[in-house]
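Asker: Residue-level listing of the chains:
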Amino acid sequence: MAKEMILVVDDEAIVRESIKDWLIQSGYQVLTAENGEEALEMIKKQDFRVMVLDIRLPGESGINVLAKAKTINPKLKSIIITAYPTEDTLIEAKKHGAIDYLIKPVIPEDLEKLIQDTVNSIDDGVATEKERIEKAPSPITKLYSITSSGVKSLIEGLIREREVIGVKSKQGKFIFDKLNSYDELILDYDITLLPPSKFLFPAKETLLKFNVESGPKFQVVNDAKPRALVGVHPDDINAIALLDDVFIKINPDPNYITRRQNTLIIGVNCLHPASESFAPSMGTNTADSGYDLLLTDIGIGFMAAVGTKTGAELLNKYANPREVTGEEIARQKEVRDEAVTKYQRSLNVPKERLLKLLQDNYENPFWEFRAKSCLSCGSCVMVCPTCFCFDVQDEMALNLIEGERYRNWDGCVLVDFAKVASGENFRHTKGSRFRHRILRKGKYILEKYGRAGCVGCGRCATACLAKIASPVEAFNAIAESERVKEEADRIIIEAESKHNIYLPHLALLVNVQDLGAKEKVFDFKFVDGRALGHKPGQFVEVSIPGIGESPISISSSPTRGEEFQLAVRNVGSVTNALHKLKEGQVVGIRGPFGKGFPIDQLKGKDILFIAGGIGLFPLRSLIQYVLDKRENFGRIIILLGARSPSERMFTSELEQWNRNPSIEYMETVEKGDEKWMGNVGVVTALIPKVRVDIKNTVAVIVGPPIMYRFVINELKKIGLADEHIVLSLERRMKCGVGKCGHCQINGIYVCQDGPVFTLEQLRGLREAVL
Amino acid sequence: MKPRVAFFDFASCEGCQLEALNLDAGELLDLIAAVDIVNFREAMSESSDTYDIAFIEGSVTRESDIARLEKIRQRAKILIALGACATIGGVNCLKNHMPMEEALKIVYGEDAKNYDTIPTKPIDEVVHVDYYVRGCPPPTSEMLKVVKAILLGKKPEIPNYPVCVECKWSGNVCAFERAMTCLGPVSRAGCGAICVTKGRNCWGCRGLVDEPNVDSEKEILQKHGITLEQALQKFQIYCTGGEKK
Amino acid sequence: MKTSKINVHYITRVEGHGDIVLNAVDGEIEELKWKVIEAPRFFEAMLRGRNYNDVPIIASRICGICSIAHTIASVKAVEAAFGINPTEQTLTLRKLLHNAEYLESHVLHTLFLAAPDYLGVSSVFPLVETHKDIVVMALSLKRLAYNMAEIIAGRKTHPLGCVVGGFSMTPDINALKDIKQRLEAARGDLEIIVKLFKTLEILSFERETEYIALKDSREYALVNGDIGSTDSQTLPVSSYLGVTNEFCVPWSTAKYTKHKRDSYMVGALSRFNLNHGQLLPQAKNAAVELGLIAPNYNPYMITVAQLVETIHVIEDSINIIKHLESTGLKEETPVVKVKAGRGVGAVEAPRGLLIHDYTFNDKGILTAANCIIPTNQNHNNIQKDMEALVPGILDQTEDEIRRKLEMLVRSYDPCISCSTHLLKISFTNKK
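Residue numbers (this note's numbering), protein chains in the order written: chain A, 310 to 1079; chain B, 4 to 248; chain C, 11 to 441.
It is worth saying that the hints were derived from the structure and are not from the lab. Backbone N, C-alpha and C define an ideal beta-carbon position, used for all residues, glycine too. Don't take each hint at face value.
What the hints assert, rightly or not - Here are the simulated PhoX-like cross-link-like pairs (lysine-lysine), alpha carbons at most 20 Å apart as the crow flies:
| no. | chain 1 | residue 1 | chain 2 | residue 2 |
| --- | --- | --- | --- | --- |
| 1 | A | K827 | B | K157 |
| 2 | A | K829 | B | K201 |
| 3 | B | K201 | A | K728 |
| 4 | A | K827 | B | K221 |
| 5 | A | K482 | B | K157 |
| 6 | A | K422 | A | K757 |
| 7 | A | K482 | C | K332 |
| 8 | A | K891 | B | K157 |
| 9 | B | K157 | A | K889 |
| 10 | B | K5 | A | K889 |
| 11 | B | K157 | A | K681 |
As the list claims (entries may be wrong) - Which stretches of chain A does chain B cover? Using the computed rule of at least three CB atoms under 8 Å from a CB of chain B, they are:
| no. | stretch |
| --- | --- |
| 12 | 502-512 |
| 13 | 908-917 |
Using the sequences provided together with the hints, build the complete structure.
Answerer: Following this line, the structure appears as structure tokens:
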């Protein structure tokens, strides 16, 4: 995404420069001006998004600058800064279009936040949705008129060409299902039970087939059947646009892409909305892209909007289109306006305010209260067009030789969604799960993908037996919202044929060694000779076909040759199977995934390594790396804690570190034995024993959750800054590529944005382990 | 050596074991290639007292059943409760809702004194159970899943979410929308929501999920026109003999 | 003379638990008992207080093999109590569903449970080595029946679609067409099985008894009809109590029945003896080939009668599906109006006459129930058969005697766990 352009106008250099620095750090492009005239000249030449303006300027006054700027660039938003706030000035400023104001000295976080919110908002502060709808999206350039027999021959033509999925009736409800003839099709319906996206991302699909006779072999499974979805409402079209971003833009999902590229979308505008629908409030009752054709029944015929070349070709081939008349355009507007009045639900505040609203109400007791009668039945997420979390499982045939890896829809509201192998459940209350879902719909998806996470279709509210699922009720109940930016034109991106993200590479087990009672270290190398090419702190997904896949952090440094080591504790089905392997056997490996330790940030610094128990496993990768590039780093201090002497691992390597004169090494055990001569106690207790230069030290910590709390406490006591404390978090990671949803912490995905984080990054995440 | 498998039945309709003989030819032949069936009274005359895996169908309803079950537990390395009668008591539990004497009298009249009967128990109230294959009858795929998991040395992945999930995967119209009342929202999935898919409602034959919101379900049933008493009755058909946690 | 002591505990290859006890000293029989020791299951008591919609669901669980028969009998009893007449389509589909159960149950019994004795093995599993084709054939016939029931009622064991007033789902006519093709292909399999049976030496023993089964003027009675008997005129189903006359014996948890003689038989041989003229031609031919001629008094021939019936239901099913192909299938929603009343529903389960008798109050809640199970009615006959058989074979080895006794019981294809609920005639007045 291109960086937003900000203009900072202030006559004091120190103010200009410091604001500029902060904003550059936050990822914006910044230019400065020292007076009003200069500012206006620059506005004429550049398209700034936001202007930060001191109201007291030499020469042209701030208010004048505001007014003039508005005429040059009406879309420019302005934030006033002033050391002397008076009511009059501020009212004046607002009258001339200032969004908000800040009092000097400006606090960086406040400015940052305000800029962020301003950048995310659209337009010109239109207050009600009715006005917003009237100011609807830019007119569609290719609009044709066709008759209802034209529609009929279009559908019949499609049925001859490909599999057509249209809206049919079932037991008094509507569903998307295979059409055998045009007569089965219903174009005027309120809502379907399941969204049409289920044909792009089905409830259950096979990803891979495998065969383990003489070593594991994987085979990709894909569905390239040509299809057409007919009768898709704009809210569902918008939902598909979101799924396109999710599954195509980063880590392209080959299964989704194949289906998507082979599916035509023939939309139809909704004239009789469902009772629970609030699509206009989410801006999704219309769509100007994301379809091949979009039909509107105007009574005297149909209007057909063309969205793609294929759509135009189809229209010409079957439907006998002609130019629209003025009367038809007017009729279409009438029809659509009337449809809007039929919606019974709406947001009470502009949807743009949702982000801040949800952000500020994280601890609101509403969540637990509302979720009291939640059955955790999953109905709300399973019928949702914008939900896409999934689970992945292996199923073996009875002959134990062949099988398949498949995925099926999963949901964050289900009880075990955030449970890890050790049994800990990171979202174990109904209220926390309910909150997560609503925040995802109203905030996280928007922040991550720039699109609404809820299209207001109303399916969840209809499906929920306890009648608590409706997002609009939740949003309204919390009240206040802000606008969301409008979406731009969409095109389906042709994905390069990269390696299928779910297909594991085969890796040969070269060596196995015991480390402890339940721990072993495995040396792997890829069968095709490639290097893993990882960074310390990253993880891989290890596949044992038939059993499953498990995330394991990499325990060795990339500087140590083409083999890589995984140190693993036996806790679940996959690690259990791993522990039974013998040298010479082959497994599947995907990755490396995740953000590793911030090597650049560590260069030239003193590094304080702190590891508790098997936290050593990932940390060892970084320690080895740092030792291999010793000259790039300052002091190396290693503090290790284990439960007991017998539970110490990699003991010979620990010995080496202990004896290495350029390492300051301390170890402790919680419980000693007769032979133990060293420290006894928790690793936290070692921290006061070291003298560190807090301005030049970075602490890198890995260990169990409870250890973090105490260690961080100690580190804060000695004055270490948040951005100098680095940790690695555990979550349940299934796909490793930021799709299946299980590793979410609030709005981020651990497998992509982590597992390594600085404490500063974690401060903003309430669900994070501290 | 192939694991030795034995089938035993207590008070049951024997439908669960017979499902094993209803596998398609390929699957059944694969099964007997993977394991040795050493005891299956219904289908074979030989029997054995040495076995690794014991499938138990049926509930404990007599004093004499307890000793018999304990002996099987001693001999088997792995004990699997097969079907609702074994896992949660099943329909056999319905008789627990009236005093024993009354049930006997209704059925046997004056001859009632000849019959040994105790309140029905699912088998985990008597012995430790290693795996559960749930349902009335369970889907054969779940029985095979457990067998495969044992052979592979992994934990079988049995759902802990309600039947509603599978109903939605299948695109079913909710039973409540068809003027029926359903225990799906608190019952364990894994059956593919077959009863609702075929036009009925869920009776909870696979037992409850681990953390059922029973109060919410009762409220929902009442909202749909069932009195509290009727709602409790609905739960009784299968769900009263709960699994030990 | 010899001393023979035989105690077969939990006879194998039958459904349910029963013991055979023989104690003979010097040619004198001291004890000869067919003991049913199955756990009593109390179904009649459990049905009390249940809503009519739940009654067939619970009643189905009486038996895992004939759950379809129980479901149909149960549903018919409720309909009789409420005065509901199902549609033609429903009646047709019920027949087809019932046929599926016959196919499955008879194949199970003839090939898996009874045939091994005649082939000298103790179960079907060794036959995988010696007669693999037959085993695969039997499995695929069972699978065909299984799929047939799935298509009509959603599931074979404890079906779902068969409800009071009709069906909750409509089968896909294309799926039924596939079934028809498979049934037509099954004709060849049955020819091979008949050939196999012709080579087996069916044990010979005769004891004439009363034979009771449903009788229907229109067809070979399996789902509909009145109570027919070789010893009396045909009686309406509602007067069944006068036919069954249940009574208890101390060594059995299942009750005994009798009508005109000391005992009577129900099941395939009874049906054959009473209704053989109505069998479809292919079945009639098979009967002749297999040496089964009415009237036949050899209980060991029950198995052969079942084989004949298997051929009959295959043909009948093909005809039914052809008929449905021409009429098409409509989606019919069952309409039920409850009222107070009592109704009796009877079917011929694979093992014999099955009766469900229910009484409801005006809210559709069941207040009383009585179930007469086929095997129930055969226990007495088995006992009498054994008493007639044993004296003539006492001079044989214990193994031979034991084998003949077990095979006698097996040929009845008993379903013992179903048979253990009984009902006394006067009801206690509790809701």
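Asker: For each hint, tell me whether it holds in the structure or not.
Answerer: Hint check results:
no., hint, verdict
1, A:K827 x B:K157, "holds (16 Å)"
2, A:K829 x B:K201, "violated (50 Å)"
3, B:K201 x A:K728, "violated (33 Å)"
4, A:K827 x B:K221, "violated (46 Å)"
5, A:K482 x B:K157, "violated (42 Å)"
6, A:K422 x A:K757, "holds (16 Å)"
7, A:K482 x C:K332, "violated (32 Å)"
8, A:K891 x B:K157, "holds (18 Å)"
9, B:K157 x A:K889, "holds (12 Å)"
10, B:K5 x A:K889, "holds (19 Å)"
11, B:K157 x A:K681, "violated (35 Å)"
12, 502-512, "holds (count 4)"
13, 908-917, "violated (count 0)"
The structure fails to meet hints 2, 3, 4, 5, 7, 11 and 13 from the earlier list, while all remaining hints are met.
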